[in-house]
Amino acid sequence: MPVYTVTMSRGTLNGETKAALAAEITTIHSAVNHVPSTYVNVLFNELAPSNVYTDGKPAHPLIINGWVRTGHSDEQTTALVTQVADAATRITGIPAERVLVIIGNSPARFAIEGGRILPDPGQELAWLAATTEQSSGSR
Amino acid sequence: MPVYTVTMSRGTLNGETKAALAAEITTIHSAVNHVPSTYVNVLFNELAPSNVYTDGKPAHPLIINGWVRTGHSDEQTTALVTQVADAATRITGIPAERVLVIIGNSPARFAIEGGRILPDPGQELAWLAATTEQSSGSR
Amino acid sequence: MPVYTVTMSRGTLNGETKAALAAEITTIHSAVNHVPSTYVNVLFNELAPSNVYTDGKPAHPLIINGWVRTGHSDEQTTALVTQVADAATRITGIPAERVLVIIGNSPARFAIEGGRILPDPGQELAWLAATTEQSSGSR
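In order, the protein sequence lines correspond to chains A, W and Y. Under my numbering, the first residue of the first sequence carries the number 22, and numbering increases by one thereafter. Under my numbering, the first residue of the second sequence carries the number 22, and numbering increases by one thereafter. Under my numbering, the first residue of the third sequence carries the number 22, and numbering increases by one thereafter.
No wet-lab data here; the hints were simulated from the structure. One thing to keep in mind: the hints can contain errors.
Put simply, identical chains are the same to the list, so a pair is met inside one copy or across any two.
Subject to a maximum C-alpha distance of 20 Å in a straight line, what follows is the list of computed SDA-like cross-link-like pairs (lysine to any residue) [to be verified]:
id : residue 1 : residue 2
1  : K78       : P128
2  : K78       : A44
3  : K78       : E67
4  : K78       : Q144
5  : K78       : D141
6  : K78       : I115
7  : K78       : T91
8  : K78       : A151
9  : K78       : I138
10 : K78       : R119
11 : K78       : S127
12 : K78       : S94
13 : K78       : P116
14 : K78       : E118
15 : K78       : Q97
16 : K78       : A150
17 : K78       : T103
Using the sequences and the hints, build the whole thing.
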């Protein structure tokens, strides 16, 4: 359900670091927002170094945009950005000053996965149970 | 007015399939949200295969992010994501389990096109009429 | 705090034009939304020309997506998109008809930078003062 996009200059992170960061974001999201890790997507969008500016000058921020379903509590979402930002600095070595994490959201009914409208926060178990039944039934 | 961004691993779709998907998303959006097709943008953001993770492991999801103006009904937006997801599976052959469609929104007054603030949903005809007058007048 | 992403076909803008546009967006954002320019990020996401469609056909729009904290006034946000769109046409020479600017937003508490949750609009001075103290203290 959620999607995290990590945007940065090309070559900022090597493959091993990207894999470690993707795994850690997945673990954090799953724990904080109660979503099975199989539903967590992490993308890395690498831009040409000449395409990244801060303060109007070429720069090297690490920008992580996440998308979640509307309805998680403010405390939950703040915990999410805090833990993701901490993980980014710990795993990549990039200082916190250059790490920006932003979570956007839309109502669950504005999103679809596996052919079914997403459940509102708190309704995941029923939704997941139906997925399992559907899969079993189709075999 | 709307923008759809299809994100996936590089090489997932060939040119013909991308063109067919762009055309179909355009047709669906125009019909469901009452926007002339000339205002519908579809972008494909192809990432290195090593930059796409699901469940902390390299994966091949097809993620479609749309942006629309706030104020369309929930039913309309749910119809939109359902039809776009169906079209994605039908045209690309990627199973529904790997297709995720998410629609975000902002107030129309937070967006501008052709030098004019966008109209709220339902106000398109007056806005478009003014566009035509403006174009005619400038010739 | 804010992030602007300019999306277009590869090769639409040369390096000098990108630098000028990044600088101007930074100046505008800083003036309109009262954020020090050191916190304004501008990214250019260049797509293969075959990956950009308008009306279901290959096209060359210039699409600028901005993200700001929720709570700025509507008037402020409308001023922002108007000035950014004007600057894009003035600096790039791309006619207004092909320029689309969209501002999205999330609550400040859904975002973190420099290891600290962002301040709500209007609370920047206290947040920035604390940053300075923190930096001085750590030296």
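Practice item. Return the numbers of the hints above that this structure violates; sort them in rising order. Key: Hints 1, 4, 5, 7, 8, 9, 11, 12, 15, 16, 17 are the ones this structure does not satisfy, whereas the remaining hints hold.
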